[in-house]
Amino acid sequence: MLVFYLNLRYLLNLFFIYYLILIFIIVVFECNILSFL
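According to my numbering, the sequence shown is numbered sequentially starting from 97.
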């Protein structure tokens, strides 16, 4: 049970980091489009 919990936390942290990177890329992309307009 403890191993499962640690794996779950690890996956959630991984997902959170992936989500932050995705938001960062979208924001940079939007800023580039706005600057071109």
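Treat the hints as calculated values from the structure; they're not laboratory data. The reader is advised that the hints may include incorrect statements.
Unchecked claim - What follows is a set of in silico ranges between Cβ atoms, one per label pair, in the way DEER data are often shown:
#1 I122 - V99: 46 to 54 Å
#2 N109 - I129: 27 to 35 Å
#3 M97 - S131: 49 to 57 Å
The beta-carbon is built from N, C-alpha and C at its ideal position, and this holds for glycine as well.
(message) When the structure is checked against the list of hints, which entries are broken? Sort them ascending.
(response) 1
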